[in-house]
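Trainee: What follows is each chain in one-letter form.
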Amino acid sequence: MSTTVLIIAVFLASAVEMVEALTIVLAAGSSRSWRSAFEGTAVAVLALAALILGIGPSLVKYVPISSLRFIIGALLLIFGLQWLRKAMLRYAGLKALHNEDEIFEKEVARLKAIPTVNDSRDSTAFVVAFKGVFLEGLEVVIVVLTLGLSAHKLLIASVSALAAVVIVGIIGAIVAKQLSKVPENLMKTTVGIMLISFGTFWAGEGLGIKWPGSDGAIVFLILVYAMFMMLIVKGFTSVQANYAKTHRGAIG
Amino acid sequence: MKYVVGFFRFWYDFLIGDTPEITAAIVVILGVVAILGKGTRYQAPILVVGVIATFTMAFFVEVVKKSRRAKSGK
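Sequence lines, in order, name chains L and A.
Take 884 as the starting number for the first sequence in this note's numbering and just add one per residue.
Take 2 as the starting number for the second sequence in this note's numbering and just add one per residue.
Bound-form chain L, shown alone (with noise of 0.2 Å):
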């Protein structure tokens, strides 16, 4: 059960940053160049890759097993709370969508204004992916290495990262500049409710908690969680619409 959830939750974790990385290489692709925005991205991937491959098996080899549940425990907590936190405000429409196809036109805006200079490989499309493709992977990275090493699943949580790359690499190939229409908002609740079950899980293992069900607690957690966030945006957005009604007709 709890692999099962820890695939969803490295997957869903990896596409939402895909898509955020994959925006941008579009823009350096369309705007200045694909084969150079291509490279950019392949050698991001292959420092991230260098990454789990050299930090994941020296920590599990050298950081005590409860230590490393509690401390990876404790950075999912602050990791997902920041996310789940992110996405509440947006459902209580408080903070505006993420819009994929606006910060596609204001990159692609803000490329095409930088001068080209003429040699075989365009060094600003290069930069401007690897650097969106590393720094929203980094984020992948630290997922993939707290949520494998502490469920002792580092190769499973790493290929499901991988078929989230590719997945999401393939549909944003297909379709493009449709990247808006990723119902975004829903998957970032989804990875913040896991991150913090996930987290709340292995911090309290780490501090000695013998979980009821073993590892089911994960999806009591999660459902525990989850109808706890819902109750939180639905009162206040009932609350916020009932004081806009009276406040209405207080004045009219």
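If you're looking for bench data, these hints aren't it; they were derived computationally from the structure.
Idealized CB from N, CA, C, for every residue including glycine.
Among the hints, a few may not be true.
Stated by the list, open to error - Calculated from the model, a selection of chain A residues having no Cβ within reach of chain L, i.e. all distances over 12 Å:
1) Gly18
2) Phe60
3) Lys72
What the hints assert, rightly or not - Listed below are the simulated PhoX-like cross-link pairs for lysine-lysine, each with C-alpha atoms no more than 20 Å apart in a straight line:
4) Lys1071(L) / Lys1117(L)
5) Lys1014(L) / Lys995(L)
6) Lys978(L) / Lys66(A)
7) Lys978(L) / Lys1117(L)
8) Lys72(A) / Lys978(L)
9) Lys1036(L) / Lys944(L)
10) Lys1036(L) / Lys978(L)
11) Lys978(L) / Lys1014(L)
12) Lys1117(L) / Lys67(A)
13) Lys1014(L) / Lys72(A)
14) Lys978(L) / Lys995(L)
15) Lys67(A) / Lys978(L)
As the list claims (entries may be wrong) - Label-pair distances were calculated between CB atoms; the ranges are:
16) Val62(A) / Ala1056(L): 23 to 31 Å
17) Ile997(L) / Ser73(A): 34 to 42 Å
18) Phe1103(L) / Val29(A): 22 to 30 Å
19) Arg70(A) / Ala1046(L): 26 to 34 Å
20) Val946(L) / Phe9(A): 36 to 44 Å
21) Ala1056(L) / Thr41(A): 53 to 61 Å
22) Thr886(L) / Lys72(A): 45 to 53 Å
23) Val946(L) / Lys72(A): 46 to 54 Å
24) Lys989(L) / Asp14(A): 15 to 23 Å
25) Val946(L) / Phe15(A): 14 to 22 Å
26) Tyr1126(L) / Ala25(A): 28 to 36 Å
27) Ser73(A) / Arg1004(L): 44 to 52 Å
Mind docking chain A on chain L? Use the hints.
Mentor: This is chain A only, laid out in the frame that chain L set:
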């Protein structure tokens, strides 16, 4: 030196960023669970309730910030 600063900047942005209240709350909750709840059956409930309280608090902190910004017209 640039890379060392960049390394710490990355971790600062990653762990604290614009939501220091989340990091502080998690440190406090895990500390409380480690100290007070050790060996008791209350560890798990304290941790779960603490996490729910943290995301509720993080949400309303932003609501208050936005409302203050709206009132001051910024």
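Trainee: Now look at each hint and say whether the structure bears it out.
Mentor: Hint-by-hint comparison with the structure:
1. Gly18: Answer for Gly18(A): violated, closest chain L Cβ roughly 7 Å.
2. Phe60: Answer for Phe60(A): violated, closest chain L Cβ roughly 5 Å.
3. Lys72: holds (14 Å)
4. Lys1071(L) / Lys1117(L): Answer holds: Lys1071(L) to Lys1117(L) is near 18 Å, not above 20 Å.
5. Lys1014(L) / Lys995(L): holds (18 Å)
6. Lys978(L) / Lys66(A): Holds, at about 12 Å.
7. Lys978(L) / Lys1117(L): At roughly 15 Å apart (the allowed maximum being 20 Å), Lys1117(L) and Lys978(L) satisfy the hint.
8. Lys72(A) / Lys978(L): holds (17 Å)
9. Lys1036(L) / Lys944(L): holds (14 Å)
10. Lys1036(L) / Lys978(L): The hint is violated at about 36 Å.
11. Lys978(L) / Lys1014(L): At roughly 26 Å apart (the allowed maximum being 20 Å), Lys1014(L) and Lys978(L) break the hint.
12. Lys1117(L) / Lys67(A): holds (18 Å)
13. Lys1014(L) / Lys72(A): This hinted pair is violated, its Cα atoms lying about 38 Å apart.
14. Lys978(L) / Lys995(L): violated (29 Å)
15. Lys67(A) / Lys978(L): Distance ~10 Å between Lys67(A) and Lys978(L) Cα, so the pair holds.
16. Val62(A) / Ala1056(L): 23 to 31 Å: violated (40 Å)
17. Ile997(L) / Ser73(A): 34 to 42 Å: Given about 38 Å between the Cβ atoms, the range holds.
18. Phe1103(L) / Val29(A): 22 to 30 Å: For Phe1103(L) and Val29(A) the Cβ distance comes to about 24 Å; the hint holds.
19. Arg70(A) / Ala1046(L): 26 to 34 Å: violated (42 Å)
20. Val946(L) / Phe9(A): 36 to 44 Å: About 21 Å separates the Cβ atoms of Val946(L) and Phe9(A), which means 36 to 44 Å is violated.
21. Ala1056(L) / Thr41(A): 53 to 61 Å: At 54 Å between Cβs, range holds.
22. Thr886(L) / Lys72(A): 45 to 53 Å: Because 49 Å falls inside the window, the suggested range holds.
23. Val946(L) / Lys72(A): 46 to 54 Å: holds (48 Å)
24. Lys989(L) / Asp14(A): 15 to 23 Å: holds (22 Å)
25. Val946(L) / Phe15(A): 14 to 22 Å: Given range 14 to 22 Å: holds, Cβ gap about 19 Å.
26. Tyr1126(L) / Ala25(A): 28 to 36 Å: Since Tyr1126(L) and Ala25(A) have Cβ atoms about 30 Å apart, the given range 28 to 36 Å holds.
27. Ser73(A) / Arg1004(L): 44 to 52 Å: holds (49 Å)
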